[in-house]
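Trainee: Below are the chains, spelled out letter by letter.
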Amino acid sequence: MTSCLLNFPNINLNIAEPIDEFVRYININYGEVFVAAKKMLSIFINGINGALDMIPWWLMILLVVFATKKLMNSYRNGVIYGGLLFMIGACGYWHMMNETLAIVITAVIFSLLIGLPIGIALAAVRGADTIVRPILDAMQTMPTFVYMIPAVMLLGPGKVPAVLATVVYAVVPVIRLTSHGIRQVDQEVVEASRSFGSSSWQTLFKVQIPQALPTIMTGINQTMMMAVAMVVTCAMIGANGLGMEVLIAINRMESGRGIIAGFAIVIIAIIIDRLTQSLVQKEGK
Amino acid sequence: MQEKDTVLEVKNLYKLFGPYDFLDERKAAFKLLELGASRMDVMETTGIMAAISDVSFSVKRGELFVLIGLSGSGKSTIVRCLNMLHKPTKGEILIDGEDITKYNEKQLQELRRTKVSMVFQNGGLLSHRDVLGNVAYGLEVRGVGKEERENKAMEMINMVGLTGYEHEKLSSLSGGMKQRVGIARALANDPDILLMDEAFSALDPLVKNDLQFELLRIQERMGKTIVFITHDINEAFKLGNRVGILRDGRMVQIDTPEQMLANPADDYVKKFIHNVNTSKVFCVRNIMSTPSCIVKDSDGANTALTSMRANGVSSAYVVGDHMNFIGIVTLEGALAVRDGKKTFSEAIIRDVLQVNDLDAPVADIVPLAANAAFPLAVVDEEKVFRGIITKASVLSSFVA
Chain A
1 MTSCLLNFPN INLNIAEPID EFVRYININY GEVFVAAKKM LSIFINGING
51 ALDMIPWWLM ILLVVFATKK LMNSYRNGVI YGGLLFMIGA CGYWHMMNET
101 LAIVITAVIF SLLIGLPIGI ALAAVRGADT IVRPILDAMQ TMPTFVYMIP
151 AVMLLGPGKV PAVLATVVYA VVPVIRLTSH GIRQVDQEVV EASRSFGSSS
201 WQTLFKVQIP QALPTIMTGI NQTMMMAVAM VVTCAMIGAN GLGMEVLIAI
251 NRMESGRGII AGFAIVIIAI IIDRLTQSLV QKEGK
Chain B
1001 MQEKDTVLEV KNLYKLFGPY DFLDERKAAF KLLELGASRM DVMETTGIMA
1051 AISDVSFSVK RGELFVLIGL SGSGKSTIVR CLNMLHKPTK GEILIDGEDI
1101 TKYNEKQLQE LRRTKVSMVF QNGGLLSHRD VLGNVAYGLE VRGVGKEERE
1151 NKAMEMINMV GLTGYEHEKL SSLSGGMKQR VGIARALAND PDILLMDEAF
1201 SALDPLVKND LQFELLRIQE RMGKTIVFIT HDINEAFKLG NRVGILRDGR
1251 MVQIDTPEQM LANPADDYVK KFIHNVNTSK VFCVRNIMST PSCIVKDSDG
1301 ANTALTSMRA NGVSSAYVVG DHMNFIGIVT LEGALAVRDG KKTFSEAIIR
1351 DVLQVNDLDA PVADIVPLAA NAAFPLAVVD EEKVFRGIIT KASVLSSFVA
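Protein chains in written order, with my numbering: chain A, 1 to 285; chain B, 1001 to 1400.
Any given hint could turn out to be false.
[As the list claims (entries may be wrong)] Taking lysine-lysine and the DSS-like style, the derived pairs with C-alpha atoms no more than 27 Å apart in a straight line are: (1) Lys206/A <-> Lys1060/B; (2) Lys206/A <-> Lys1208/B; (3) Lys206/A <-> Lys1391/B; (4) Lys1011/B <-> Lys1146/B; (5) Lys1391/B <-> Lys1208/B; (6) Lys1011/B <-> Lys206/A; (7) Lys282/A <-> Lys1090/B; (8) Lys1152/B <-> Lys1102/B; (9) Lys282/A <-> Lys38/A; (10) Lys206/A <-> Lys1027/B; (11) Lys282/A <-> Lys1146/B; (12) Lys1208/B <-> Lys69/A; (13) Lys1391/B <-> Lys70/A; (14) Lys1208/B <-> Lys1060/B; (15) Lys206/A <-> Lys1087/B.
If you're looking for bench data, these hints aren't it; they were derived computationally from the structure.
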């Protein structure tokens, strides 16, 4: 009797098993759907990868330099970023960088396609926040490995489950900040728009979204950063690229190799971050 | 006859705020309000907030009607009912005889696009667009083509005195200029009725004065019907053809400024006017202004006409060689001279009321000003013309 108060009673609630069953059930009965989806996504990812590979290395570096000049109005930063990119190539990681970028770009595109409409809808529906917010919190704080298990089971190892897991993880900030941005648009401005006889769509596209754009852009920037951060984790389910290089280095205890591949990821992250940040600032002005 | 030129009529308007499922409480609140219960009592017994109760008024075409009240008196709620940004709980709002509270969404859109426009306290402007883009917004949502709407917008930008600023970002404009953009945007739709919700309240006094003047000029030129909301009695009396005073969501008195000064309906109105009244004592010198249009008697009718046209006024002050005051010549008078029906000397109206003491308190000249057909002429001991005193300046000095 007393042991029940001292130690947690042995209830043996088993939720894990039904979930396993469910995933297995889907896998068996709807396997073809996933195979088809996987094929389509693979084509998409490989297409982007191929396109990146087609851009000569010097052109890519020049593009970054000029984009920096245009957005940040600074040749100095442009030259630094260009130099850092050159270093990635010099260490022999150019091709891997493209592989990683292909995954990141695909994941970001899908995150935006899913996240922006959801964010807009959330802002429009009063009370939806109370339901969706805990879900978003859970999606963001759930250890990322957890997504990989069903992703791998349903899609098999490779880049496609990596993109899926990345989207689930990275879609959150764009949803959150889109809905937040739209909701915090000055009420008087929205009222003014309505007072001129705008329809709800006109108010949304001509007033609310443009006014919220700086915040939405911040969300997009965060989504990109989170997608980059996922690449190493995704290497565990067979996504090639810089993440895989880090993973191999860990397995073989090769510190140098790991650090250099890690730095390559950092460089990509910094360049993407700075460029999109300055885009935000430009929009905000 | 009054029916004919009444543009806007509000009949027994109520707006209650409170939980939507409080149906019984709402009924109880109506009953209490109809018996004349105060807002506080209704709030305590039913939990319903009566923002406006039993408000009725009508506005004639071309009239500038001012609603005044302290914050929380319901004036902003009323003005938002007039274009249905707030849905009234009960009552009728007739615009050109049609009850807009019964309009569906499509009809409301049409109403807002063509008949009623609004100017907001802080502008409600779109910071991601330039001045032109803001002014053209109303026409854009109506579906007017790019060229046409930009032409119309430019016209309005010129009218409010923002020529040359059309491609400026809003962040580079001052508060007064932003408010001009708001006015231009509202006028671009060519509405019959212009609603102005504390449009000048956030501006500093000098800019406010400019814009008030500008508004009167625009109204004179375009003949818009304006419903103007303010908490400043000075502004209300300066602008309003008629003024309605609100207290706790109820209309206390509707009258012309002169009538209201003479016969305040109750102590509240008296206090409203009086409170500010005693703060300063003005002399003639403080309130007189320089007329925009002065001609010499030797100049003749053509000069007078040109000068009137240039200044956009319908009368000119005639002075002699050493600025000594002679009289007033009106537009009709000057035209008669041009057509050879009169001599210039005959056209001058000489029996204009004059004030000789520059240091006389304003209170002394109120009876004079109230009955004068023209502004009073101020003339000093040497018979030199010093300025004029308009009815509006007398009234506003009373409450400044």
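Trainee: Each hint should be assessed against the structure and marked as holding or not.
Mentor: Hints and how they fare:
1. The hinted pair formed by Lys206/A and Lys1060/B fails the criterion: a straight-line CA distance of about 35 Å is larger than 27 Å.
2. Annotation: proposed proximity of Lys206/A to Lys1208/B is violated, straight-line Cα distance about 30 Å (limit 27 Å).
3. Distance check on the hinted pair: Lys206/A and Lys1391/B sit about 46 Å apart at the alpha-carbon level, beyond 27 Å; violated.
4. Under the criterion of a C-alpha separation no larger than 27 Å, the hint pairing Lys1011/B with Lys1146/B is inconsistent with the structure, at around 40 Å.
5. Taken as a hint, the Lys1391/B and Lys1208/B pair is honoured in the structure, with Cα atoms around 19 Å apart against an allowance of 27 Å.
6. Of the supplied pair hints, the one linking Lys1011/B and Lys206/A is violated, its CA atoms being roughly 35 Å apart against a limit of 27 Å.
7. For the hint pairing Lys282/A with Lys1090/B, the CA-to-CA distance comes to about 48 Å; that exceeds 27 Å, so the pair is violated.
8. Proximity of Lys1152/B to Lys1102/B is assessed by CA-CA distance (about 32 Å); at most 27 Å being required, the pair is judged violated.
9. Between Lys282/A and Lys38/A the alpha-carbon distance is near 38 Å, which puts this suggested pair outside the 27 Å criterion.
10. For the suggested pair Lys206/A and Lys1027/B, the alpha carbons sit about 41 Å apart, so the restraint of at most 27 Å is broken.
11. Straight-line distance between C-alpha atoms of Lys282/A and Lys1146/B comes to about 26 Å, which keeps the hinted pair within the 27 Å bound.
12. Proximity of Lys1208/B to Lys69/A is assessed by CA-CA distance (about 44 Å); at most 27 Å being required, the pair is judged violated.
13. A threshold of 27 Å between alpha carbons decides the hint, and for Lys1391/B with Lys70/A the separation of about 60 Å lies outside it, so the pair is violated.
14. Proximity of Lys1208/B to Lys1060/B is assessed by CA-CA distance (about 25 Å); at most 27 Å being required, the pair is judged to hold.
15. In summary, the hint linking Lys206/A to Lys1087/B is supported, as the alpha carbons are separated by about 24 Å, within the 27 Å threshold.
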